[in-house]
Amino acid sequence: MFSNHLISRREALRSSSAGFGMVALASLLAQNPSLRASEAKSDKPLAPKKPHHEPKAKRIIFVFMQGAIAQHDTFEYKPKLQQNDGKTGPIGGKLAASKFKFKQYGETGSWFSELLPNMAQHADKMCWLRGLHTDTPAHPQAVVQLHTGAANATLTRPSMGAWVLYGLGTENQDLPGYVTINPPANFGGAVNYGNAFLPAHFQGSRVDDKGYVPNLKPRLETQLQRSQIDYLQSLNRAFAERPDAPDAVEGIIESFELAFRMQGAVPEILDFKDEAESTIDAYGINNPATASFGRQCLMARRLSEAGVRFVEICQPGWDHHNNLHNGLIDRCGSIDQPVAALLADLEQRGMLDETLVLFGSEFGRQPTTQGEDGRDHNITGYPMFLVGAGVKPGYTHGQSDEYGVHAVEGRMHTNDLHATLLHLLGLNHEWLTYPYAGRDFRLTDVAGTVAQEILA
Amino acid sequence: MTPSIATENRQRGIAAKLCGSLAAGVLLLGSIAVTQGADVDEQAEHEFFETKIRPLLVSRCYACHSAETKPAGDLRVDDYNGLLRGGKSGPGVVPGDDKASLLLVRILEKNESKRMPQDGEPLTEEEIADLVRWVQAGAKWPASAEPVYEAEDLSDLYADLRSDHWAFQPLAAAAIPQVAQADWPRDDIDRFVLAGLEAAGLSPVADADRETLLRRVTFDLTGLPPTEAEIEAFLADSSENAFETVVDRLLASKEFGERWGRQWLDVARYGESTGPSRNIPYPHAWRYRNYVIESVNRDVPINRFIQEQIAGDLIADQSEGISNEERDRLLTATGFLALGVKDVNQRFKIRFEMDNIDEQIDAVTRGVLGLTVSCARCHDHKFDPIPTADYYALAGIFASTENAAGVRNKMGGSGLDYYNPESLIRLSIELPPPSEEEVRRLEEKVRETKAAWDAIRGTPEGLAKRPNGQPVQRRFRLAWEEAQAELLALTDPAARGAVVHGVREAAEIADTAIRYRGEAEKLGEVVPRGYLTAFEVPDAQPINRQQSGRLELAQWLTSDLNPLSPRVAANLIWQNLFGTGLVSTADNFGNSGASPSNPELLDFVAQRLIDGGWSRKTLIRQLVLSRTYRLSAVATEDHLRIDPANRLLGRHTPRRLTSDELRDAVLAVSGMLDRTPAEGTASSELRMVEMRDNGDEAKAVHAHSDASTRRSVYLPLVRGVTPRALECFDPAEQTLVTVKRDATTVPSQALFLLNSDFVKQQAQQLTQSILELPAADDVQRVQATYRRAFGRAASEQEVNLALSFIESFQSLYAQQAAANANETAAVGKGSAQSQEYQFVSTRANAESYKLAAWEAWHQSLLAAAEFRFIR
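In order, the protein sequences belong to chains A and B.
For the first sequence, this note's numbering assigns the number 1 to the initial residue and increments by one for each residue that follows.
For the second sequence, this note's numbering assigns the number 1 to the initial residue and increments by one for each residue that follows.
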């Protein structure tokens, strides 16, 4: 009895997924963004694929505030906390009212502190998730959980961008489908944008905020390199025609053409010389305080505009166990204008119809004080916000208790957040699976509920 | 995604939900088993706890001492065991003894700076009285208020699987099949293969030509290409046993152990640091790596090899008159169990330990048995007859074993906090002891600097900013850490002599309890240490109750009568030679894995392994000398139609080189490969403190790897710091058990081959060595490179194409140089543009243009698809 005669469905799927490895990038020349997976062969891992249902968003920009932004001082206004400064909090500790002034913005009357005056201008676009909670009050595990769905470090899982790319492919075949800019160097490091047991096509490409990509810079003038590649491709084509040639050679031929094009396309995307000076100023790129994050925000817009499926940008330094006051002034000052500019730019270009922006941290902070001028971690109730494709603007889902310790309504675990993001992209989180080590894995592990309330 | 696969995925999604989820098909009893059978007093105590004590703990203590916040001082009060075990200072509660209960001691503390709660108002007298009363009455804590889950009854499924699933049945001795084409087979292996082909109406294709076969077997056995001399010798050897001569030479070479050792290191998820979360180097890991390579070269039988890695320390204890060298070797072997990923930032020791045990169980069971036993950590296995009780029977063995990797858990630690030198394994090599006086002096210095740090830490003075923006106290912390490092440099066992990361018997030998849903604190029934019950191993010895049981486990795992381990080991060898295993899921022989493509052949090969005394080399020799191995990769239409995946082995399946092989082959071809084995790596210079992906340590490790010309297996493999010359070509994911490397095609590979320093440099080296060949003309040079890179002669047409490329590139290059010179003159030196694109103009004369053309040609060959494939 041989398996090719009696192929089970399980076997069929397994051999097709293993087949991703041997076949390759024939797809990468396919430039038609409307190409559907049902038309594309399964040997084109990065070609656009048909989602499970009609998507509300085509791509994501994740604005990650690594270290846990203090919500009580920025965008979670709690009158009870302001009234009870110095008293004992609901789970002990000494309540610390925010020292920053809050006021309401927009028609929704959303509260923001004076630290984020520019982002506050976009209050009516934001869809707040105020009932988030996660599992581990330590950065390494929580950052990894936010990015991969699971905090268990002993089994590395694929990152959410890798899952998205696996599920949807990408629109622009000249650029990587998943780009992460300035990712954390610790707290899981490369795990946060890795492919783990998914094939390597789906890993995130790491770029710094100056646009450096390894091995991207050609070593020969274009004409010389082209002549070298032409010769090399003639060798490859001759090899492909041999009767014992492996299937992957066609993919290798494509990969050299794609690499050649990427050498031009990627720097072009990451170079701002065709941007108006007013745009550069709007993002704060000429101001040292906002330059680095401003560049990240503008790169994110350009990459998204070019069809990159998943872009993550990262600002570290929010772990204010001490030096909360000055630290927040500094950090908020570095992101407020760039993030506001990104939202305005996306809106102005009509990109918010297809692009979803997620803003937030691996967890939140406590309403109580830690030392003289600090706040400790809070995993039981904290906010993030979404803007753009598929979510209700000016809407708030969930809330925490009157002090902002526990999520009490609209509670969403990290798995629920992931389920919701996948849903917005047209993917059913229970169907997006990959077989490894004897079972099917998901981004959402064995949990996850879509927050239907926020869907526009 | 095609519609049928989408449907399949949907169903598999549901399967995924079933697996691991207790939601489906599981009875939720839901009742809190508090009141059942409890007498009235106990019920009253529980009521008192729920109305008075728990709310108090929640509202006044949780902010700093619960699982959801940081358990300051490692104390948590949201879990009874946590409270009993206590934190750094001792047990939080001693039932019946309020004076000994630190919870109360600290609440009643006179000194305000030590009194609990630290923040917020002190407890009221009434609250304190309640706590005292509760502790004096025995500190009753209601049994788990967690919903109690009862597992789905899987006993029927399990009974069926035990008796029916192929992999759990003993090896079957099948009759050697009769074949029509009787003159084809060289070996009985071939008869099994041919019978399958004939049944499908196929014949084997022709044998591979000699050049192809030599390149194939040389890579397969050593991970390197054949040298020109080796090719010539084989082509010139017209004797009957020419191929056998080659195979025996390769099996005897030290490069054999480097290739086949690397394969086991993949399975053993070898890495030189703790990995994600907080990355602490394992500086002594290389000793285990070298143990593996040497053992493979010495052809230590696979059963013995596995036994050593699981119980080397116990084997050494049993062996009378054992030499120091052999004892060290056996202790080093246990690195297999110690070198896994660890989440050192874990707050709770018990979770840290249970996670590490799970990691060990996963590596052992997937690597040796091809079973995914880890699934049973939280619930009975959904696909295989592995109840949770079996998992914890194994867990007890590992819980009775100290994971002596040299690290400890701590949340939010820094510096040397994670380093635990006592937990490393000492080898016999030792240096004279350090001067006691010097040790005392440094101990004093540590005390002083620590006291100074403690005094200033967190005070307004300490937190004040210095002109450079750093807090004043930082200096004090650094002084303390520096003193610690100095003392350690003198007393560290690692500095005093050789140590390894390994395992040894734990201080406490005991069975362990089932954990509900895998949560370390949720204790269920204690299960005796033991083995899996999925299959029978008739000669299994009972666990030695005085020891952890690792020795008996190691014997049980590798018994000739174990139905899985010989099959798994033989299948891995098969997969390495034929591309796909007879079981294509080499780490999953369970019910959710693939069925064997040829079950009789699998058992035949497994039995061969056993009969050969579990000798790796003997089985490999038999397999590569088979006719099947020597087949060409040229398929006929019939083969492609009837057997597209080549599961019947009517032809050879080409394979892409692994990342290690590709780098090694580039170095071998350029003539730069340094074949000496390495002692240590750049990571053995690292201290056991956290390293970041982009810090100085990582940069130093990268710099070492970039400069090294040793074989890839000897490069430092710190998790998360993959050598740049390996990372594009699917290296083993170092955090995971890997039985088969991926072979993806991604554009970063092409960019690496076109633009990386490594490939450029090696193309230059290759050019130099080819142009220096004595008395050669250009045709001979082209032929020499073809031999080295592709293992074959170039056709006349290929030679002409090469020479015409070199010529045209050279003239193009000269034009470009002239154009650049003009541009530089026009724009002026040092302009950004000319800096950016000055590749060509750095070379100035016809000789250098020629060199550039040969370099470009050589690089093209290294980048070509043919180079990275063996056929």
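Quick caveat, the hints were computed from the structure, so don't treat them as lab data.
Please read all numbers here as calculations on a predicted model, not as lab measurements.
C-beta: ideal position from N, C-alpha, C; glycine also.
Be aware that one or more of the hints could be misleading.
[As the list claims (entries may be wrong)] Part of the chain A face toward chain B, derived, beta carbon under 7 Å: (1) Gln104; (2) Tyr105; (3) Gly106; (4) Gly109; (5) Ser110; (6) Gly188; (7) Asp244; (8) Pro246; (9) Ala248; (10) Ile252; (11) Phe256.
[Claimed, not checked] Keeping only pairs whose Cα atoms sit at most 20 Å apart, straight-line, the calculated SDA-like set for lysine to any residue is: (12) A:Lys94 <-> B:Asp119; (13) A:Lys217 <-> B:Glu727; (14) B:Lys465 <-> A:Lys50; (15) B:Lys114 <-> B:Ala452; (16) A:Lys87 <-> B:Thr124; (17) A:Lys80 <-> B:Asp119; (18) A:Lys273 <-> A:Arg302; (19) B:Lys760 <-> A:Lys80; (20) B:Lys760 <-> A:Thr222; (21) A:Lys87 <-> B:Arg724; (22) B:Lys699 <-> A:Ser227; (23) A:Lys87 <-> B:Gly695; (24) A:Lys210 <-> A:Ala306; (25) B:Lys52 <-> A:Thr88; (26) B:Lys850 <-> A:Gln225; (27) A:Lys217 <-> B:Arg724; (28) A:Lys103 <-> A:Tyr77; (29) B:Lys699 <-> A:Ala185; (30) B:Lys88 <-> B:Glu353; (31) B:Lys410 <-> B:Ala520; (32) B:Lys760 <-> A:Thr88; (33) B:Lys410 <-> A:Asn186; (34) A:Lys94 <-> B:Gln118; (35) B:Lys410 <-> B:Ile350; (36) B:Lys410 <-> B:Ser89; (37) A:Lys80 <-> B:Glu121; (38) B:Lys760 <-> A:Phe260; (39) A:Lys210 <-> B:Gly695; (40) A:Lys87 <-> B:Ala452.
Hint check:
no.	hint	result
1	Gln104	violated (30 Å)
2	Tyr105	violated (32 Å)
3	Gly106	violated (33 Å)
4	Gly109	violated (31 Å)
5	Ser110	violated (28 Å)
6	Gly188	holds (5 Å)
7	Asp244	holds (4 Å)
8	Pro246	holds (4 Å)
9	Ala248	holds (6 Å)
10	Ile252	holds (5 Å)
11	Phe256	holds (5 Å)
12	A:Lys94 <-> B:Asp119	holds (5 Å)
13	A:Lys217 <-> B:Glu727	holds (18 Å)
14	B:Lys465 <-> A:Lys50	violated (56 Å)
15	B:Lys114 <-> B:Ala452	holds (19 Å)
16	A:Lys87 <-> B:Thr124	holds (15 Å)
17	A:Lys80 <-> B:Asp119	holds (18 Å)
18	A:Lys273 <-> A:Arg302	holds (12 Å)
19	B:Lys760 <-> A:Lys80	violated (65 Å)
20	B:Lys760 <-> A:Thr222	holds (16 Å)
21	A:Lys87 <-> B:Arg724	violated (55 Å)
22	B:Lys699 <-> A:Ser227	violated (35 Å)
23	A:Lys87 <-> B:Gly695	violated (43 Å)
24	A:Lys210 <-> A:Ala306	holds (18 Å)
25	B:Lys52 <-> A:Thr88	holds (18 Å)
26	B:Lys850 <-> A:Gln225	holds (16 Å)
27	A:Lys217 <-> B:Arg724	holds (16 Å)
28	A:Lys103 <-> A:Tyr77	holds (9 Å)
29	B:Lys699 <-> A:Ala185	holds (12 Å)
30	B:Lys88 <-> B:Glu353	holds (17 Å)
31	B:Lys410 <-> B:Ala520	holds (16 Å)
32	B:Lys760 <-> A:Thr88	violated (66 Å)
33	B:Lys410 <-> A:Asn186	holds (16 Å)
34	A:Lys94 <-> B:Gln118	holds (9 Å)
35	B:Lys410 <-> B:Ile350	holds (12 Å)
36	B:Lys410 <-> B:Ser89	holds (15 Å)
37	A:Lys80 <-> B:Glu121	holds (18 Å)
38	B:Lys760 <-> A:Phe260	holds (17 Å)
39	A:Lys210 <-> B:Gly695	holds (18 Å)
40	A:Lys87 <-> B:Ala452	violated (32 Å)
Hint violations for this structure: numbers 1, 2, 3, 4, 5, 14, 19, 21, 22, 23, 32 and 40, all remaining hints satisfied.
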